[in-house]
Amino acid sequence: MEPTQNRPFQNKKRYLWAFIIGTAIFALVFIISNSIAFLEFQKVSNIQDSLAYKIFEDKIYASFFNQSICTDNSLQNLSQDLGFQGQIIDDMEKKFGKNDPQVLDRKKFYTLVELEHLEFIQAQIKNCNLSMNTILFFYSNKDPDLERSTEIGRLLNEVYLKEPDKITIYSFDINLDSDLIRSLLQKYNVTQSPTLIINGNATVTEPIRIENVQKYLF
Amino acid sequence: MEFIDYIIYASIYLGLIATVFYALSYSVFKKRKELLFSDEELPFVSVLIPAWNEEDTIQKTIESIMASNYKDFEVLVIDDGSKDKTFQLAKALEKKYPRLKVYHKENGGKASALNFGIEKSKGDFIFTMDADTYVHPESVNRMVRYFKDSKVMCVSPAMLVYKPKTILQRIQQAEYLLGLFLRKAFSALDAIFVTPGAFSAYRKEFFKKHGGYEVGNITEDLELALRIQYEGYRIENCPNAPAWTIAPAKFKESLLQRRRWYHGWLKNLWKYRKIFGKKYGDLGSFVIPTAGLNIVFSVVVLVYALFKTISSINTELAFLSTVNFSLSGAWNINLYILERFAFLFFSNPVMIFIIIFIVIFTVYTRYATRKTGKVPGLLFNMFLFFVFFSIIFGFWWIVSIIYTAFHKNVKWR
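Protein chains in written order, with numbering that gives the first Met the number 0: chain U, 0 to 217; chain W, 0 to 412.
Think of the hints as simulated: they come from the structure by calculation, not from any bench.
Hints are not guaranteed to be accurate.
In silico DMTMM-like links for lysine to aspartate or glutamate, alpha-carbon gap of 25 Å or less [claimed, not checked]: (1) U/53 / W/4; (2) W/307 / U/89; (3) U/97 / W/338; (4) U/12 / W/33; (5) W/307 / U/178; (6) U/97 / W/4.
Okay, the calculated beta carbon distance ranges per label pair [stated by the list, open to error]: (7) U/191 / W/405: 45 to 51 Å; (8) W/248 / U/213: 48 to 54 Å; (9) U/213 / W/337: 24 to 30 Å.
Don't be surprised by glycine CBs; every beta carbon is placed ideally from N, CA and C.
All chains, please: the whole structure from these sequences, using the hints.
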């Protein structure tokens with residue numbers, strides 16, 4: 000009944016196998032999650048391209064074929080699609096990183112699509128008496144303005160949900176390295192983030208409460 | 000990535016490696032032939048039931064062990080100075096069961112009651128049983144066979160919760176079930192370091208050579224398990240020997256119990272700290288350190304989650320006040336929201352790891368139910384376990400660590 004002195008390991012190689020298999024599973028999970036993210040990115044990119052095509056097509060019909068823009072309601076209905084695009088690109092940015100070249104390209108293209116949509120809506124407002132509020136939301140994805148920008152983004156979402164048929168929101172990252180963004184900031188004299196430009200003329204830099212935004216809407 | 004992300008991934012990585020290691024150990028063990036007593040070799044055993052103020056359960060416990068199919072055994076009830084009717088109720092059963100002897104002694108704690116019983120016992124093998132525990136008729140028969148190996152000093156059963164009713168009891172039922180596979184994997188490695196005080200079996204020779212239970216130790220069963228390992232002997236596990244114990248129904252009771260267990264575990268581990276290291280093979284180099292790291296990770300993640308939740312609640316309340324507490328979006332579920340949710344869920348590695356661990360736990364549960372039989376309400380208990388256990392576990396440990404760090408006295412009840 001003597002005890003075992005200096006109890007040996009049962010099989011040291013088992014630790015090696017456990018390490019190899021465990022590490023393989025660990026790595027595989029990251030590969031799977033990144034693959035899912037990449038597939039979603041591809042899908043969103045394709046949708047964005049379709050969205051852009053639709054916007055350009057409608058504008059060509061109006062400008063080249065002189066079709067009346069007042070009878071075209073399709074681009075108003077695209078605002079929810081635009082909103083989703085913006086949010087999913089934000090998610091991609093968090094997933095792949097702020098400096099990922101593919102995400103940056105998509106953000107730039109998204110900016111262009113937004114502006115094309117905005118131009119069309121503004122034309123409808125001017126020529127067709129369309130009752131639509133436009134909000135340009137200039138945000139930052141970097142500290143120290145990131146947290147406040149996120150809060151304003153949520154607040155704007157609440158504003159939108161109260162009257163989704165009468166509001167379109169366009170979001171622009173002021174840190175994006177894009178001539179379009181720089182021109183926009185100059186055009187609207189935006190010097191800080193978060194900043195809201197409501198209906199092209201009201202500038203709101205600290206919307207503390209929902210009423211601070213709603214008072215400028217019609 | 001934040002610091003906490005590294006902690007979470009480190010704990011997942013460690014969990015994966017440990018799981019694979021234990022699975023490999025179990026699969027190797029399965030190919031071995033176990034050394035077991037045959038029917039002709041079954042020895043005389045003594046069952047000790049220390050009891051203090053257990054009038055609600057003592058009779059049922061005695062009847063449970065008396066229903067055992069084992070042929071040669073005696074049952075000694077040691078009333079440790081109860082102030083209720085424990086002694087009288089147990090004594091009343093002596094006439095009904097000739098194998099039963101009931102003793103009364105002055106209150107001295109569970110360890111002293113067990114040592115008293117060991118002195119009075121006739122068997123070479125001692126079963127210790129709590130007065131609120133019930134056993135399967137075959138459990139004694141199946142457990143005692145493992146003592147055929149002369150190095151085996153202790154055999155543990157498949158510990159389960161008796162008829163869980165409250166959420167807390169259901170969570171503990173799931174915890175005990177999931178632990179059955181690990182306990183067998185540990186025994187395959189000679190690395191069991193915790194044996195249930197509610198029902199376990201010991202070779203009497205160990206007490207003669209190395210002393211009885213440590214009087215004054217609030218976790219005398221944990222101390223004994225570590226002592227057995229420290230002295231170089233083996234602890235076996237019999238997964239098809241079910242024993243049911245009554246788990247605490249309310250949070251305060253469970254906190255008192257866990258505080259005693261975990262405080263005791265820390266103190267006993269410190270006492271036997273020489274177990275850490277290569278000298279004690281897989282137990283000292285991997286099993287105990289991994290268990291310790293798991294606890295550290297749980298505590299760190301819980302503390303972080305607590306502060307994060309408080310901060311999130313503050314932020315959320317501040318935001319809600321800016322929208323006059325009117326959330327139009329709360330009920331606005333559409334395909335975009337579902338798609339975003341699906342993307343955020345499946346592209347998050349932590350969620351995929353959670354799915355993997357659910358699969359692993361399903362395998363563990365399947366093992367447990369094959370050994371112990373069907374468990375009513377299993378799916379619901381497992382769900383509650385997944386949702387709440389890590390939070391409760393971390394909380395129990397934080398309280399225990401604080402008590403240990405500040406040298407506070409921890410009592411039985």
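Violated hints - listed by number, lowest first: Those not satisfied are hints 1 and 5.
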